[in-house]
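Please work from the sequences and hints to get the whole structure.
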Amino acid sequence: MPEITREEVAHLADLARIELSDAELDHLAPQLAVILDSIKSISDVAAQDVPPTSHALPLTNVFRADVVRPGLTAAEALAGAPVVEQQRFSVPRILGES
Amino acid sequence: MSGLDKLDQPDRLDQPVALMSYEEALTRFDPVMGLEVHVELNTASKMFCGCPTEFGAEPNSQVCPVCLGLPGAMPVVNETAVESAIRIGLALNCEIAPWCRFARKNYFYPDMPKNFQTSQYDEPIAFNGWTEVQLVTADGFDTVRVEIERAHMEEDTGKSLHVGGATGRIHGADHSLVDYNRAGIPLIEIVTKPIEGAGERAPQVARAYVAQLRDMLLGLGVSDVRMEQGSLRCDVNLSLRPSADAPLGTRTETKNVNSLRSVDRAVRYEIGRQAARLSEGGRIVQETRHWHEDRGVTTSGREKSDAEDYRYFPEPDLVPMAPSRAWVDRLRSVLPEPPRERRTRLQEEWGFGDLEMRDTVGAGALSLVEETIAAGTSPAAARKWWLSDLARRANEQGVELAELSVTPSDVARVQALVDEGKINDKIARQVFEGVLAGEGTPDEVVARRGLAVVSDEGALSEAVDRAIAANPAVADKIRNGKIAAAGALIGAVMKEMRGQADAGRVRELILAKLS
Amino acid sequence: MSNLTRRTAAELADLLAAGETTSVEITSAHLDRITAVDAQVHAFLHVDTEGALAAAGAADQRRAAGSVSSTLDGVPIAVKDILVTKGLPTTCGSRILQGWVPPYDATVVSRLKAAGLPILGKTNMDEFAMGSSTEHSAYGPTHNPWDLDRIPGGSGGGSAAAVAAFEAPMAIGTDTGGSIRQPGAVTGTVGVKPTFGGVSRYGLVALANSLDQAGPVTRTILDAALLHEVVGGHDPLDSTSIDQRLPSLVDAARQGSSGDMSGVRIGVVKELGGEGYQTGVGERFEESVALLVGAGAEVVEVSCPHFVHALAAYYLILPSEASSNLAKFDAMRYGLRVLPEGVEAPSAEEVMRATRDAGFGDEVKRRIILGTYALSSGYYDAYYGQAQKVRTLISRDFEAAFGQVDVLVSPTAPTTAFRIGEKVDDPVSMYLNDIATIPANLAGVPGLSVPNGLAAEDGLPTGFQVLAPAMADDRLYRVGSALESLLVQQWGGPLLAQAPSLVSEGASA
Chain A
1 MPEITREEVA HLADLARIEL SDAELDHLAP QLAVILDSIK SISDVAAQDV PPTSHALPLT
61 NVFRADVVRP GLTAAEALAG APVVEQQRFS VPRILGES
Chain B
1 MSGLDKLDQP DRLDQPVALM SYEEALTRFD PVMGLEVHVE LNTASKMFCG CPTEFGAEPN
61 SQVCPVCLGL PGAMPVVNET AVESAIRIGL ALNCEIAPWC RFARKNYFYP DMPKNFQTSQ
121 YDEPIAFNGW TEVQLVTADG FDTVRVEIER AHMEEDTGKS LHVGGATGRI HGADHSLVDY
181 NRAGIPLIEI VTKPIEGAGE RAPQVARAYV AQLRDMLLGL GVSDVRMEQG SLRCDVNLSL
241 RPSADAPLGT RTETKNVNSL RSVDRAVRYE IGRQAARLSE GGRIVQETRH WHEDRGVTTS
301 GREKSDAEDY RYFPEPDLVP MAPSRAWVDR LRSVLPEPPR ERRTRLQEEW GFGDLEMRDT
361 VGAGALSLVE ETIAAGTSPA AARKWWLSDL ARRANEQGVE LAELSVTPSD VARVQALVDE
421 GKINDKIARQ VFEGVLAGEG TPDEVVARRG LAVVSDEGAL SEAVDRAIAA NPAVADKIRN
481 GKIAAAGALI GAVMKEMRGQ ADAGRVRELI LAKLS
Chain C
1 MSNLTRRTAA ELADLLAAGE TTSVEITSAH LDRITAVDAQ VHAFLHVDTE GALAAAGAAD
61 QRRAAGSVSS TLDGVPIAVK DILVTKGLPT TCGSRILQGW VPPYDATVVS RLKAAGLPIL
121 GKTNMDEFAM GSSTEHSAYG PTHNPWDLDR IPGGSGGGSA AAVAAFEAPM AIGTDTGGSI
181 RQPGAVTGTV GVKPTFGGVS RYGLVALANS LDQAGPVTRT ILDAALLHEV VGGHDPLDST
241 SIDQRLPSLV DAARQGSSGD MSGVRIGVVK ELGGEGYQTG VGERFEESVA LLVGAGAEVV
301 EVSCPHFVHA LAAYYLILPS EASSNLAKFD AMRYGLRVLP EGVEAPSAEE VMRATRDAGF
361 GDEVKRRIIL GTYALSSGYY DAYYGQAQKV RTLISRDFEA AFGQVDVLVS PTAPTTAFRI
421 GEKVDDPVSM YLNDIATIPA NLAGVPGLSV PNGLAAEDGL PTGFQVLAPA MADDRLYRVG
481 SALESLLVQQ WGGPLLAQAP SLVSEGASA
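For the record, the sequence lines run as chains A, B and C. Once you know that position 20 of the first sequence is 20 in this note's numbering, the rest is easy, because the numbers rise by one and skip nothing. Once you know that position 315 of the second sequence is 315 in this note's numbering, the rest is easy, because the numbers rise by one and skip nothing. Once you know that position 232 of the third sequence is 232 in this note's numbering, the rest is easy, because the numbers rise by one and skip nothing.
It is worth saying that the hints were derived from the structure and are not from the lab. Because the structure is a prediction, the values reported are computed rather than measured. There may be inaccurate statements among the hints.
As the list claims (entries may be wrong) - So these bits of chain B aren't anywhere near chain C, every CB distance computed over 10 Å: (1) Ser21; (2) Glu24; (3) Leu68; (4) Pro75; (5) Lys193; (6) Lys477; (7) Arg505; (8) Leu511.
To be verified - Derived pair list, reagent style DSS-like, types lysine-lysine, alpha-carbon separation capped at 30 Å: (9) Lys40/A <-> Lys270/C; (10) Lys159/B <-> Lys86/C; (11) Lys40/A <-> Lys105/B; (12) Lys86/C <-> Lys113/C.
To be verified - Covered by chain B, per the in silico footprint, the following chain C stretches (three or more residues, Cβ under 8 Å): (13) 204-213; (14) 376-388; (15) 447-456.
We put the beta carbon where it would ideally sit given N, CA and C, even for glycine.
Take a look at the structure:
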């Protein structure tokens, strides 16, 4: 298994939208390397034909009927918002097209 | 910066862009398209929660912990949305997965409350289908088969208003205001396989595909499919290659294509733009572009790099879906008639010739004519109104026929008024004007504007007498057998009556009085 | 009324039913106890004095009118701060949710309220449930009532400490890799992780969706059974919840309390013991097994060979799911918003980054980065994908084992409570605390920890873990109850009676 470099950690922090300081990067990268090292045994354990489990229980087809249920009022929805304007969540300028 | 480097820079709205003429581009390159259409379903509630899906509600008034992505909330799948997805897949001749799951598509954007979209990744509910697109040609119809890669379920995002910039667009905006009413509304994404071999008909094929997909979805009753409201959205992928046997070129994805007209124009524009660039030795940047209907151009958006790693994994808060074959078969058995068969049947029922049918379909009037006939009008009359006056009006306004504020029942009513003799054809045009202007129903417009044909025999008779008196020479001619001269007198009476008379009756009266 | 805070929940329910006390008295007694000791223990992040007393008053009114909501109507409870409570702050032990007041209740909370249990407040925890010591709480650690310099376990140290310190008769915890059971073991309390899907996760702020379960934290097995039955059961708001009734847990607990284990086959898991397990932990475990045998149980050793990979699988699956779950904390809709320093007109992206850096602690950041890595294209198959396969192998190990025995047993945790600060800078060493509890979460099977004594070398509590097949939670209660009875008989009273006092003599609590 490849070791994890400081650059990789920085890239991952970008993907995860966390602004890590240089000190944090210096601190985290070796810790992550140790953790990854301790779990690398996993790669050789399961044979190709072992199916993955994503759910402990084999449930399928859990649905709800297409019926309207009461939700939150706008006031409740906006209650925790850092900034509200025109009954909407005000967010800082967004870069780029969606 | 060298010339080639310059060509490599993504272009902006304010810079002039080289375009090759469409005709020339098609002689040099072979276009390949991919169309991604997002359909907003018309379910009563959202994909994963019970919030209502009404359009136009007060901001953030149709939300709950689930669609707002509050910590702790969990999704539950809307069964009707699944059913609609299956029906769409069946109508597109897809295979329906015997087992599939939702997956998380992870990325950050303020209009996505969880910063992941619950979608489907490598296990779509429908895949490997096809549909036949009918193109209108000089002599009638031509059929192009479009292969469908997949149709899958996902949820819509919230909507942002960008504040502080010049045009309300994102560039230069100071901040944004987000409304999550739309977040969580069920979406079906339909993706074609690369559409090859369309050649110079590429824009037409793209437009026809979207138009007919829309008709199909309307027929299924799963969506309002109003492009102008966003319940049908189209992204156009396009690449060029020197010839049909060359490998595929780099493609761009163009968004904000909000009408059928835009689909056609955007394909055409991108072909011209890419052709110009490629022929000057530049390269096409793999990116998302933005269509501007007002200016008729695309501009660069974000670079669509593969570095945007969505880190897909199966949604752990949901369990797999395994639609039973019995359920699928039952849905298949009640599918509405496929479009081509429908057109053939209607043409026969209505007694239209090929060209008349072609024009009706080409104008986007098929369903409108059908509904007008259902409201009691003859096929010929229905076609007449939709394809003449109303089509012209739609063109003037730059909208689709279906978007005009005149409905099939309005048209039926107007024709009924003509048939009843209450108004004539000329007046009917004024009535349509009134309805389009928002003055009310046809009857209300007639009343308000006082357009009813004068049926009072006495008044008509007096008007005829006045016309005769005012035109003695013409009257004499008629007395002497020159019936054709009656036209001038009819004209005079109609003028006095401001058109509100039955010209046929006027003629009768004139001839009766002068015989 | 002689010390209401020393009573079990079942006893309090009986006293209420007999009219010998009121919910207001009981609740006030616990609020007083909290005031007296929580400065030392720090089990609570938020105490809702007004709300709890109002609910207690309402409980008393119901009882007076003859319309009691449940057996436990009027018995107060504490709730781990990872479950959303409408109108009460919910922080998940994190800065990023400081001051957030949810507009809705978790289903578990709604059920507690519907059953009439006054909610005393929200308990401390490792941030977003990531930890085994409660040292990763952004609001300071909780202290083990047995020795205030030691950890109470984690992530649910607050709930366990509150119950161990008699600040609450019961609490709700959550268990993703042992966060109910391990604190139970190190504080001398009972903790149960139900079958996955047995208790609704709606309103439980997700750490690892496929592993999390809420469950009871109590001082006795019977109390846990009573509480489990109040909060458990199908929830249409949770697509992963089981739509099938469990057998009666209270009956199983009562049956077990006779101490008769004849006909019960017990498997000792070879891989969950031995090296790495503290001597005293091992000794108490052996003695407990011997007691059960003495009571008629058959014991065999079973091997679950893939359990040795459980920790690795867990530390790939959990961070992966968590990295996605925690993406929603981005300063846009609720919670902390921090503007980056020295940036004029920061973008949304910059605000997200600054907020998440300021709002998340180290352990959370570590796991988010790890999870992002494990899910990235190019690594998915080798990491997350592989871990899910190992999960299958672990489930198969359980299946094979349960083919031979009715329950599996092991020590709950490898050590007793360690000192605060001892392992906090060594993540891998911290992760090892969960080595015996993690397999159950991976397979979705239920598990329970019951206190089984004090380790000779340090006089600190140890725990005995019982595991059962999925949907067989009743077996946990039967066996746990039997062992509890036998041990209490031996000790001459509950283990907690041996815990040091927290308040100096003569004080009211």
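Tested hints:
| no. | hint | result |
| --- | --- | --- |
| 1 | Ser21 | holds, 40 Å |
| 2 | Glu24 | holds, 40 Å |
| 3 | Leu68 | violated, 7 Å |
| 4 | Pro75 | violated, 7 Å |
| 5 | Lys193 | holds, 23 Å |
| 6 | Lys477 | holds, 83 Å |
| 7 | Arg505 | holds, 70 Å |
| 8 | Leu511 | holds, 80 Å |
| 9 | Lys40/A <-> Lys270/C | holds, 23 Å |
| 10 | Lys159/B <-> Lys86/C | holds, 27 Å |
| 11 | Lys40/A <-> Lys105/B | holds, 26 Å |
| 12 | Lys86/C <-> Lys113/C | holds, 11 Å |
| 13 | 204-213 | holds (count 6) |
| 14 | 376-388 | holds (count 4) |
| 15 | 447-456 | violated (count 0) |
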